[in-house]
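Okay, here's what each chain looks like letter by letter:
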Amino acid sequence: MSDRSAPPPPRPRTLKFGIVDVIVIAAVLGLFAFIIYRVNTVLVYNWDFGRIIPNYLFRWDSERERWVTNLLIQGLITTVRISIWGMLLASIIGLIMGVFRVSNVLFLRVLSRGYVELIRNIPPVVFLFVFFFFISSQILGPLELADQARNAPAGVQTVIRFLFGELRVLPNFFAALIALALFEAAYITELVRAGIQSIEKGQWEAARSVGLSPFHVMRYVILPQAIQRITPPLANQFITLIKDSALISLISVQDLTFMGVEISNSTQRLFETWITVAVMYFVISYSLALAFGRLEKRLKAGYR
Amino acid sequence: MPDSSEKPLMIELRGVNKWFGDFQALRSIDLEVRLGERVVVCGPSGSGKSTMIRCMNRLERHEEGTIIIDGIELTDDMKNVTAVRREVGMVFQQFNLFPHLTVLDNLMLAPLRSRKLPKNEAREIAMHYLERVRIPEQAEKYPGQLSGGQQQRVAIARSLCMKPRIMLFDEPTSALDPEMIKEVLDTMVELAEDGMTMVVVTHEMGFAKTVADSMVFMDEGEIVEAATPADFFSAPKSERTKTFLSQILIH
Chain A
1 MSDRSAPPPP
11 RPRTLKFGIV
21 DVIVIAAVLG
31 LFAFIIYRVN
41 TVLVYNWDFG
51 RIIPNYLFRW
61 DSERERWVTN
71 LLIQGLITTV
81 RISIWGMLLA
91 SIIGLIMGVF
101 RVSNVLFLRV
111 LSRGYVELIR
121 NIPPVVFLFV
131 FFFFISSQIL
141 GPLELADQAR
151 NAPAGVQTVI
161 RFLFGELRVL
171 PNFFAALIAL
181 ALFEAAYITE
191 LVRAGIQSIE
201 KGQWEAARSV
211 GLSPFHVMRY
221 VILPQAIQRI
231 TPPLANQFIT
241 LIKDSALISL
251 ISVQDLTFMG
261 VEISNSTQRL
271 FETWITVAVM
281 YFVISYSLAL
291 AFGRLEKRLK
301 AGYR
Chain B
1 MPDSSEKPLM
11 IELRGVNKWF
21 GDFQALRSID
31 LEVRLGERVV
41 VCGPSGSGKS
51 TMIRCMNRLE
61 RHEEGTIIID
71 GIELTDDMKN
81 VTAVRREVGM
91 VFQQFNLFPH
101 LTVLDNLMLA
111 PLRSRKLPKN
121 EAREIAMHYL
131 ERVRIPEQAE
141 KYPGQLSGGQ
151 QQRVAIARSL
161 CMKPRIMLFD
171 EPTSALDPEM
181 IKEVLDTMVE
191 LAEDGMTMVV
201 VTHEMGFAKT
211 VADSMVFMDE
221 GEIVEAATPA
231 DFFSAPKSER
241 TKTFLSQILI
251 H
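Chains as they are written, first to last, in my numbering: chain A, 1 to 304; chain B, 1 to 251.
Any given hint might turn out to be false.
Unchecked claim - Computed Cβ-Cβ distance ranges for the label pairs, DEER-style:
(1) A:300 / B:8: 43 to 51 Å
(2) B:128 / A:155: 52 to 60 Å
(3) A:240 / B:206: 56 to 64 Å
(4) B:206 / A:201: 29 to 37 Å
(5) B:140 / A:202: 17 to 25 Å
(6) A:201 / B:75: 20 to 28 Å
What the hints assert, rightly or not - Take a look, some chain A residues computed to stay more than 12 Å from chain B by CB distance:
(7) 151
(8) 262
(9) 269
Quick caveat, the hints were computed from the structure, so don't treat them as lab data.
This one's a predicted model, so the numbers in the text were calculated from it and none came from an experiment.
Glycine included, every Cβ here is placed at the ideal spot set by N, Cα and C.
Using the sequences provided together with the hints, build the complete structure.
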């Protein structure tokens, strides 16, 4: 039986260079050349990355006599912060709602279906505004979170600042976080539902036939397999979440995009600022994609 | 079977009817299986034999009639259903092992979660049954790394770990390569010799002859004939049974 589990020999990766490759490379080079030409001749733009951008990443604090993070890095940290919390919260909501989607209880199915349809048919910006101006500021009140946080002992304040950012914008941060998570969770809900429904009938039957309760069937047999199957589109959704998080700048959460607006307004260096911001988004999104790629391989190596 | 009639009834079906949409899959089924009895169910495909045994642990819901398993009636009450499923093991044609768990974890899952046994005890039981189906060395492998015959033996062991009073087999050898059928049948014969109450849907007539206390022949959702293997094979009463036997025993 040992030969059965041995992996097949790797197929040699050929680097054949065909006519199609030549055409594609020529087209890409041509496009770049054209853009550079246009920028140099038509725009006549005086590029100035060096003087401005590094200062907005880190600056020298002459009082404390050390380098400190400046706006762009602070914005990046806020974006990373809200993305991590957003993924966590969206996963939890998506998992619960996804299980509700296939529930035997009609009310739970209606609830989760209604939630998904509501979110899917409203533009994200509009949802964010409705949520922020109506629900979070009117119904949840001023959240009173910020005031409570400010009265907290110094140690607690440091922890809160590390986890959620500046106390001053805490209500905005939470409103943005909940809105973002609710928005992305609707799509995760559908992924979870599709994952659950993709599991063969025999798995349900075998799990039931050994006397597992419905909860245990879901928890130990169906969901582990479903989640593994939806890992690739789930990674996609997380990357979308990072990119969608740019919207929260509209309700004054000082994320990377918010800082980009500030800097481009004050320096008038639109191109440099936005190209830098784009690169920073690319780096975090692509790192996440790579991390998920590795995770996927690990999961696959697990069995079969 | 005059000698077994005093033994307690383990499975009792009375006037069971079941439909899939407009199609009537089971027609007034009456069946009794007593403690330690081995019943082999055969019949052409689509005759309702799988549906019948799947009703015995309520993987399928019967619309009319009564099903009583080990004193518990199967109704919509999930408590009863779960109680019955703990007493009744089932082996499927497609094995249906949990591919994301190792062999050992496949075996330990239900004892841990359903019986709430401590981990070391569940492991002991699992290893005991793996040894019984003679593949303890595969404990740490994943189902996908095993042959079909080994997978089916793991599936049998998984059911046995719940210490069931009844075992149901739904065409356990139909998905296997010919050379692996014997190892699974041998396991089942041993189980029968230990006195397990068994209901087996199968076309393996050799197995039926050696193991069965009674043969049940089904066609078009009905039980056409029920007899001891000796009577069944040598003197079938109904024409449909004769036709079926002539087709299946041709080789």
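So, going through the hints one by one against the coordinates:
no.: 1; hint: A:300 / B:8: 43 to 51 Å; result: holds (50 Å)
no.: 2; hint: B:128 / A:155: 52 to 60 Å; result: holds (54 Å)
no.: 3; hint: A:240 / B:206: 56 to 64 Å; result: holds (59 Å)
no.: 4; hint: B:206 / A:201: 29 to 37 Å; result: holds (31 Å)
no.: 5; hint: B:140 / A:202: 17 to 25 Å; result: holds (23 Å)
no.: 6; hint: A:201 / B:75: 20 to 28 Å; result: holds (23 Å)
no.: 7; hint: 151; result: holds (46 Å)
no.: 8; hint: 262; result: holds (48 Å)
no.: 9; hint: 269; result: holds (52 Å)
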